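Participant: One-letter residues, chain by chain:
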Amino acid sequence: MSAVSDLSLKVSDGEVFGLLGPNGAGKTTSLMILCTILRPTSGTIRVDTFDIRREPEKVRSRLGIAFQEPVLDSRLTVERNLAFHADACRLPKDKKKQRIKEVLTYLDMWDSRKQKAGKLSGGMKKKVEDAKIFMQEPPIAIFDEPTAYLDVPSRHKVWKRIELLKDQGSTIILATNMMDEADRLSNRLAILSRGKLAAEGTPASLKDALPRGDVIEIEIAGDSESAVEHLRKINDVKQIIHLNPPSKLRLYVSQAETQLPVIMQILVKEGVRVESVVVKEPSLDDVFLHFTGETL
Amino acid sequence: MNGARVVLGRDVRTFFTNFYGVGFRTIVVVLETVIFAFILSAAVRPGAVGNLTYLQFFALGSIVVSIFWASYNIGRDVYWDRENGFINYLMSLPISRSEILAGRSLGGSLRAILTALPLYVLAAILVPTTALNILESLAVLFAFALGLCGLGIIAALSVRDETRARLLNTFISLALIRSSTALYPIVAMPVWLQIGAKLKPVTYASYSIRLVTVYSPQAIFPGLDISIVLIFATIAGMLGSWLFSKTIEGGPAD
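Residue numbers (this note's numbering), protein chains in the order written: chain A, 1 to 296; chain B, 1 to 254.
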């Protein structure tokens, strides 16, 4: 069984490229292959002009990856972990000290610099993991779920810093499950599903690719299956997706304004009790659901 | 070689983070030598361990045993690095695979030598020796430690869980140390065990260390014993390197 197959992508210099997909879609595997950690069974991957099989060291010298699960030496301090990364990436001594201080201060971690990494909370570890790449400033910066475990203010700080890296000329590859993150940061994105490319484009073009119209979210009291049966009979309801909890349904219609009264009329007639109704603009969540066939 | 230096630096740093653990182990070995070997030396007949007393014999053998575990334990670090993804992290850095392996092996050997240094103080008190003898002895032990790091890496990459790793360590302790001449004189062993002992690299390391460390005007250079130690180090190092590449270096992405 292949984790990733038939995946063909091109990331341009200086862009933020988002990689979206449900768990197990092959995002992390793709990144591991790109970083030369895993060897692909077939296919060609180039970073700049370097082939990852023939010149893996040149490839690695161009990139840096912040892993999904923070990889720190728990016995060493925060500062030592960053110094190790800086030394391995051959950062000059003066730049190393200055950048460690600057990045840790930015992420509100300077006071924790002497703490052993093993004693940090999950969020703090994640910040140190991201800090490695912020400090390294590689030409190609890869972030695998960069804001997982982070609180809201920290998340915004990390986003701003990723944007700064991009402004400084780095190319960013961002694997994420968070649609708002992908929407905010990505110039272009690819959606992976079961190891294959499901869609690729700018966030706007992918939203445009959705069936035209609006999104209606309806929460049903009781059995939602019979409600779905009745709703399927309405011609203008293009797609129905179960959300979590399953009593919550997402309906794609051409025009909510005209369709909502029809929908409500049918549901009331069939004795279905409606708890709540919300009309929405399509978001990246909808793009994700549409292309992966997943439910939320 | 920047990569090897960085990896080695980490191993040395983490060694000192466990300073109390290392210190405690050293105290145990010293006490074991002083109490156990001192008491037992009364029961060992003169001449059973060459020109040495059993106390001297044991003190020098203890150095070999300490070197054994300190360098073999680099495998434990490799095991943990693999378990928590640190190896993947290392492999994403601009460091070659051979630099990672060289760094780990040199780091493990250096850790082993640092562990053995306090024991040399005890040895210097117990046996006639010179600074040159100790330096020669350290050089032999460093080569031996490099081989043991290879062995530790082989063990770490061959087992999948901690219970098996512990069982393997117990087996290795029994097979390579307890049945070697590191701590027991060969003349006290039954013939079948003597044959077994002569197949162990620890035995040759112990012979070499005793002959090299103890100062004697008529000293004979243990060329054969040292050669066997070097052959062991080369084979174990190469096997460790091969297995490291095979297991760690980019398995297929499926």
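These aren't lab readings, by the way, just hints derived from the structure by calculation. Quantities reported herein were computed from a predicted structural model and do not represent experimental measurements. From the three backbone atoms N, C-alpha and C, an ideal C-beta is built for every residue, glycine too. Each hint should be verified, as a subset may be incorrect.
Below, simulated DSS-like cross-link-like pairs (lysine-lysine); rule was C-alpha separation at most 30 Å, straight line [as the list claims (entries may be wrong)]:
| no. | chain 1 | residue 1 | chain 2 | residue 2 |
| --- | --- | --- | --- | --- |
| 1 | A | Lys-116 | A | Lys-97 |
| 2 | A | Lys-97 | A | Lys-119 |
| 3 | A | Lys-207 | A | Lys-238 |
| 4 | A | Lys-166 | A | Lys-233 |
| 5 | A | Lys-58 | B | Lys-246 |
| 6 | B | Lys-246 | A | Lys-196 |
Sample of chain A residues with no beta-carbon within 12 Å of chain B, all distances over it, derived [unchecked claim]:
| no. | residue |
| --- | --- |
| 7 | Glu-69 |
| 8 | His-85 |
| 9 | Thr-105 |
| 10 | Ile-142 |
| 11 | Asp-180 |
| 12 | Asp-214 |
| 13 | Glu-219 |
| 14 | Pro-245 |
| 15 | Gln-259 |
| 16 | Val-268 |
Participant: So, for every hint listed, does it hold in this structure?
Facilitator: Now for the hints, and whether the structure bears them out:
1. A:Lys-116 <-> A:Lys-97: 18 Å, holds
2. A:Lys-97 <-> A:Lys-119: 23 Å, holds
3. A:Lys-207 <-> A:Lys-238: 15 Å, holds
4. A:Lys-166 <-> A:Lys-233: Roughly 48 Å separates the two Cα atoms, so the pair is violated.
5. A:Lys-58 <-> B:Lys-246: Holds: Lys-58 (chain A) and Lys-246 (chain B) sit about 21 Å apart, inside 30 Å.
6. B:Lys-246 <-> A:Lys-196: Answer holds: Lys-246 (chain B) to Lys-196 (chain A) is near 28 Å, not above 30 Å.
7. Glu-69: 6 Å, violated
8. His-85: Not fine: 8 Å to the nearest Cβ puts His-85 (chain A) too close to chain B.
9. Thr-105: 24 Å, holds
10. Ile-142: For Ile-142 (chain A), whose nearest Cβ neighbour in chain B is about 9 Å away, the distance does not exceed 12 Å, so it is violated.
11. Asp-180: Holds, because the least Cβ-Cβ distance between Asp-180 (chain A) and chain B comes to about 27 Å, which exceeds 12 Å.
12. Asp-214: 41 Å, holds
13. Glu-219: Glu-219 (chain A) clear of chain B: closest Cβ-Cβ about 41 Å, beyond 12 Å.
14. Pro-245: 34 Å, holds
15. Gln-259: 46 Å, holds
16. Val-268: 52 Å, holds
In summary, the structure is inconsistent with hints 4, 7, 8, 10 from the numbered list given earlier, while agreeing with the others.
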